[in-house]
Amino acid sequence: MTLAVTDFAVVMPEIFLLTMACLVLVIDVYLPETMRNLTYQLSQGTLIGTALFIVAMYPTKPVLAMNNMFVSDQMGALLKLFICGIVFMAFIYSRGYLRDRNLLKGEFFVLGLLATLGMLVMVSAHTFLTIYLGLELLSLSMYALVALNRDSAQSSEAAMKYFVLGALASGMLLYGISIIYGVTGQMDLAAVANAIKADHEHHTALVFGVVFIVVGLGFKFGAVPFHMWVPDVYQGAPTPVTLLISSAPKLAAFAMLMRLLVDGMQHLHADWQGMIIVLSVLSMAIGNLVAIAQSNIKRMLAYSTISHVGFLMLGILTATKTGYAAAMFYTIVYTLMSLGGFGVILLLSRAGFEADKLDDFKGLNARNSWFAFIMLILMLSMAGMPPLLGFWAKWAVLSELINSGFMWIAITAVMFSVIGAYYYLRIIKLMYFDKPEDTNPLTADNDMQVALSVNGLAILFLGLVPQGLLTVCLTSLG
Amino acid sequence: MQNVYLAIVLAPLIGAIIAGLFGVSRRVAHTVTIAGVGIAFLLSLFAFKEVVFGGHTFNQTIYTWLVSSGIRFEIGFMVDSLTVMMMVVVTFVSWMVHIYTIGYMHDDPGYQRFFSYISLFTFAMLMLVMSNNFLQLFFGWEAVGLVSYLLIGFWFTKDTAVYANLKAFLVNRVGDFGFLLGIAMVLMYTNSLNYSEVFSHVEHIKDMTVQILPNTEWSLMTVMCILLFIGAMGKSAQVPLHVWLPDSMEGPTPISALIHAATMVTAGIFMVARMSPLFELSETALSFVLVIGAITALFMGFLGIVQNDIKRVVAYSTLSQLGYMTVALGASAYTAGIFHLMTHAFFKALLFLGAGSVIIAMHHEQDIRKMGGLRKYLPITYWTGLIGSLALIGFPGFAGFFSKDAIIEAVHHAHELGRAGSGFAYYAVLSGVFITALYSFRMFFLVFHGKERMDEHTKHHLHEPPAVVTFPLIMLAIPSLLIGAFAIEPMLFGDFFKNVIFIEHAHNAFHAEHWHGIVGMITDSFAHPPVWLALSGVAVAYYLYLINPALPESIKQRFSAVHSILMNKYGFDQFNEWFFAGGARGVGGLLWKFGDVKVIDGVMVNGSAQAVHGVALIMRHVQTGLLYHYAFAMIIGLALLLGVFVIL
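Note that the protein sequences, when read in sequence, are chains A and B.
For the first sequence, our numbering begins at 1 and goes up steadily by one.
For the second sequence, our numbering begins at 1 and goes up steadily by one.
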């Protein structure tokens, strides 16, 4: 195995992130409690640096490196930028919450950075092994993060469930990979694709493998029926961790899906299409229906995530480039909305108070009309109200579905969106029409207030000019 | 010229906007609107000269609103001799009414609003007549309807006024429904909304048939023309859609003159004349038009005899005269219809404004039984009123004489051609002449002659209204007297409407070789019944209301059944109240209580919400919180996917 200097240049963002994560880990050990902010600042600096490396290395055409283990292409670079940006925002939102609960420790940031590294590796993976490597790095970091507040029984239980089910899913994914490898004899995704194209004898075995891989993906996305961990983990984990789990990893999962099913197994799309349809429709149905019955907003957003996952998968099942672009657009938009949604929960929380009940949103408008407005934008966008970004995401996916002839699935999706609108609008009703039960003033850091405002307004203004982001998604797919 | 036409249309609109929206004083309001309409009138005269004497007709699109599936929605002007004639009449009458309004509405708190409305009306009416396509025609059609609605309900605190404007609005909706269907048919079969394109395309579709009910083939042209005519029936108040016009007298008198006599109600007549290339192709539709017109002309005239409200008498007279115009259209004498439209616009506006002048002098007393002998108090109103009445009854030499005789002549011609319904129509319009004379002079004698029946207080204050009121009367009296004699030769026998109104040669009642000059026509008329019928009508009125005033009362007692039918206006209103209004309320109530409350709210809205909520409550129990259940669910999912996609 020989490595050229150019190989290292392509992998520079990841190398930088790894080095810095280790550095932060070491530095944090020697920091006195009063200087904990330095860890935070270093972590944020790391993310900015990584993003700058990604921009500097921005590829014009796909480049393979590290003996074809690693690919750098525009889709990857775009997703990586969003991952870094979202983790950056998540760290801003989290700091105050963690400080109030005495959880502002180096572990959160180091694990967060390592999870980010895992995501970046997943995004750029070009063999089964690198995908698995990135996925495990992400998952293991997340298991630990969920249990960050180790004195909380709820958190520990959630971490336990997440870990056991994650291990199960991981095993299934690995099993599917091994079957594909057994049939094709290849690990490199491009080679796998060629082998599948040439193979006409082992179709059943290949589909058998694909089922296991789809199950693994379904778990990572939180698609029904592999979604059971989602509500419990969302509720049990400290809110900053929930915020992390619900946002950036979806981008990585999208990349993983693209790498595995599209780059590696495009020729089997007739088979995985059906599986995706089943997962999508079930996710939209269960997600939207059960969300209605929730009284905890974190659980409600968990089911909302499940329904959004169902929706974004609709774009993938068209198996067209424009469909993938629509799904990618949807994923990015979803992460932005989810980021904002949990951001508002963090904003309302304070020492000894979680703000995770729906009733905690009562009369928010009377308490702080600006953030009630931000939440209004977020909820309306999630419900898919024009002209907000969430509407355009739904519109992009639906128009691709209809173009590809999946009229009935599009109609089903719209119906479930209508049902889903109920629980988003209920939050708005609580904020604007009910009397506040809690009259404590909001105490959030200025940086968080600014970041959250930017987050909400971005959804409004990007919604007014949606074409830009959509075009970027389309061109990044080559 | 395009700029001139734009200025004609926009000057009144700008006046209306300034007077209506800028909170200006009374003086500014009437100055700008009168100036706006005045500009429109003078430019219309210029346009008249250009088109009639210069021969420069104009047909151009000004602005394309949108293009959808190759159909162009445009704003454009088609200015030919028919249009300029309408433009001059509309702007002139409107101008006179504007001036008159200064006096009539002097004490009204809604002074500026009124000026704004009538200027807006002028704009809308000009858009209607100047249009070169069906879309703009429909815009103008609806816009004049809107202003009419606003003006009938001008005194919106009066219950009767609100009732009347709602009634006008609803009845016109019926007509507009037909009109819209007719336009849609034109669009469907010719693929264009532009007049010239439609008329040039009509050759290709004239023999087509349509199937509306199963197994019945109807001529396309007949269905199309009747639908368009239903629109005209609403706007021009033809039986049975006439019921709104008498009630529209709830509005101030100036607009009764302008909108509900001279201009807007004639829009239907104008439209049919404009569409003459279509109507000429359907004998059936023309017969339909003819019969409807004849019924209106005769039976609405009867009602004029029993009315006691000065404005309502004139209103029924308007209905009857609109019937005459419609009869002319049905007899293929579009030119005669338009000719009568023009003369009628002048003398009917004159009569209404004269009635208004009487009303001012009588301190808003409108009952003619409480008037009498006003001749010596209101000399100008008296003389102009006399001219108007003589024009209306068709006294030889006056404007109405020429137009009405032409119509009777045309119906006679149609009868000779054997057009269905023309026999009835001929006798209807002939007896209508007598009726017209009777009710006109009944009113005239009761108001201006005989005993003074008003109370002392009113009598004490009787005097001629100010110059702003009498000046328009005089200005309108001149054309009422003269316009017929001037216009008959070019309009009916000459080339005035050449290439504008199309009449099949056989249908044409007026040929140049039959024209023997005005004097010839007048002397000739004494050999025919209409003049004698008119004179006898006047004589009967003179006898009944001046010589032997007790007689009408005893006739009324004697024929109480007939009288009560007439007083109830043949029961149209009662029937509409009971059948349409009551029926609609009944159906509405049913749909509300059953359809909306039970089905839509109960089952569909709340029912589906409850169903979703129920499902959600059940589904959440699947989430047990037990780890092995979760793992089991994943395995089940895996097994299902394997089962469906690998084994099957």
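Some clues are possibly wrong.
[Unchecked claim] If the Cβ cut is set under 7 Å, some of the chain B residues that face chain A in the computed set are:
{"#": "1", "residue": "Lys459"}
{"#": "2", "residue": "Leu462"}
{"#": "3", "residue": "Ala611"}
{"#": "4", "residue": "Gly614"}
{"#": "5", "residue": "Val615"}
{"#": "6", "residue": "Ala616"}
{"#": "7", "residue": "Leu617"}
{"#": "8", "residue": "Met619"}
{"#": "9", "residue": "Leu626"}
{"#": "10", "residue": "Phe632"}
{"#": "11", "residue": "Leu642"}
{"#": "12", "residue": "Phe645"}
{"#": "13", "residue": "Val646"}
{"#": "14", "residue": "Ile647"}
{"#": "15", "residue": "Leu648"}
[Claimed, not checked] If you anchor each label on the Cβ, the simulated ranges turn out as follows:
{"#": "16", "chain 1": "A", "residue 1": "Ser152", "chain 2": "B", "residue 2": "Leu591", "range": "38 to 48 Å"}
{"#": "17", "chain 1": "B", "residue 1": "Arg585", "chain 2": "A", "residue 2": "Val450", "range": "57 to 67 Å"}
{"#": "18", "chain 1": "A", "residue 1": "Thr34", "chain 2": "B", "residue 2": "Ala639", "range": "49 to 59 Å"}
{"#": "19", "chain 1": "B", "residue 1": "Leu6", "chain 2": "A", "residue 2": "Val450", "range": "35 to 45 Å"}
{"#": "20", "chain 1": "A", "residue 1": "Pro386", "chain 2": "B", "residue 2": "Leu617", "range": "27 to 37 Å"}
{"#": "21", "chain 1": "B", "residue 1": "Val644", "chain 2": "A", "residue 2": "Thr2", "range": "39 to 49 Å"}
{"#": "22", "chain 1": "B", "residue 1": "Tyr628", "chain 2": "A", "residue 2": "Val5", "range": "48 to 58 Å"}
{"#": "23", "chain 1": "A", "residue 1": "Ala366", "chain 2": "B", "residue 2": "Lys593", "range": "33 to 43 Å"}
{"#": "24", "chain 1": "A", "residue 1": "Ile27", "chain 2": "B", "residue 2": "Gly614", "range": "51 to 61 Å"}
{"#": "25", "chain 1": "A", "residue 1": "Asn296", "chain 2": "B", "residue 2": "Lys593", "range": "48 to 58 Å"}
{"#": "26", "chain 1": "B", "residue 1": "Gly614", "chain 2": "A", "residue 2": "Ser152", "range": "47 to 57 Å"}
[Said to hold, decoys possible] Examples of chain A residues toward chain B, derived with CB under 8 Å:
{"#": "27", "residue": "Lys161"}
{"#": "28", "residue": "Val214"}
{"#": "29", "residue": "Pro225"}
{"#": "30", "residue": "Ala421"}
{"#": "31", "residue": "Leu425"}
If you're looking for bench data, these hints aren't it; they were derived computationally from the structure.
Yeah, the Cβ is synthetic: ideal placement off N, Cα and C, and Gly gets one too.
To see whether the hints hold, each was checked on the structure:
1. Lys459: Result: violated, 67 Å to nearest chain A Cβ.
2. Leu462: violated (66 Å)
3. Ala611: violated (10 Å)
4. Gly614: Violated, about 10 Å.
5. Val615: holds (5 Å)
6. Ala616: With a closest approach of 4 Å, the Ala616 (chain B) hint holds.
7. Leu617: holds (5 Å)
8. Met619: With a minimum Cβ separation of about 5 Å from chain A (threshold 7 Å), the hint on Met619 (chain B) holds.
9. Leu626: violated (9 Å)
10. Phe632: violated (9 Å)
11. Leu642: holds (5 Å)
12. Phe645: holds (6 Å)
13. Val646: holds (5 Å)
14. Ile647: Violated: closest Cβ of chain A sits about 9 Å from Ile647 (chain B), beyond 7 Å.
15. Leu648: violated (10 Å)
16. A:Ser152 with B:Leu591: 38 to 48 Å: violated (58 Å)
17. B:Arg585 with A:Val450: 57 to 67 Å: Once the Cβ atoms are compared, 60 Å apart, the range 57 to 67 Å for Val450 (chain A) and Arg585 (chain B) holds.
18. A:Thr34 with B:Ala639: 49 to 59 Å: Holds, since Thr34 (chain A) and Ala639 (chain B) (Cβ atoms, about 56 Å apart) stay within the stated range.
19. B:Leu6 with A:Val450: 35 to 45 Å: Violated: the Cβ-Cβ distance is about 54 Å, outside 35 to 45 Å.
20. A:Pro386 with B:Leu617: 27 to 37 Å: holds (31 Å)
21. B:Val644 with A:Thr2: 39 to 49 Å: holds (46 Å)
22. B:Tyr628 with A:Val5: 48 to 58 Å: holds (52 Å)
23. A:Ala366 with B:Lys593: 33 to 43 Å: Because 40 Å falls inside the window, the suggested range holds.
24. A:Ile27 with B:Gly614: 51 to 61 Å: holds (56 Å)
25. A:Asn296 with B:Lys593: 48 to 58 Å: Given about 41 Å between the Cβ atoms, the range is violated.
26. B:Gly614 with A:Ser152: 47 to 57 Å: Given a distance of about 34 Å, which is not inside 47 to 57 Å, the answer is violated.
27. Lys161: Given a least distance of 5 Å, the restraint on Lys161 (chain A) holds.
28. Val214: Because about 7 Å separates Val214 (chain A) from the closest Cβ in chain B, which is inside the 8 Å limit, the hint holds.
29. Pro225: holds (4 Å)
30. Ala421: Ala421 (chain A) check fails; min Cβ-Cβ to chain B is 11 Å, beyond 8 Å.
31. Leu425: violated (12 Å)
Comparing the model with each earlier hint shows violations of hints 1, 2, 3, 4, 9, 10, 14, 15, 16, 19, 25, 26, 30, 31; every other hint is respected.
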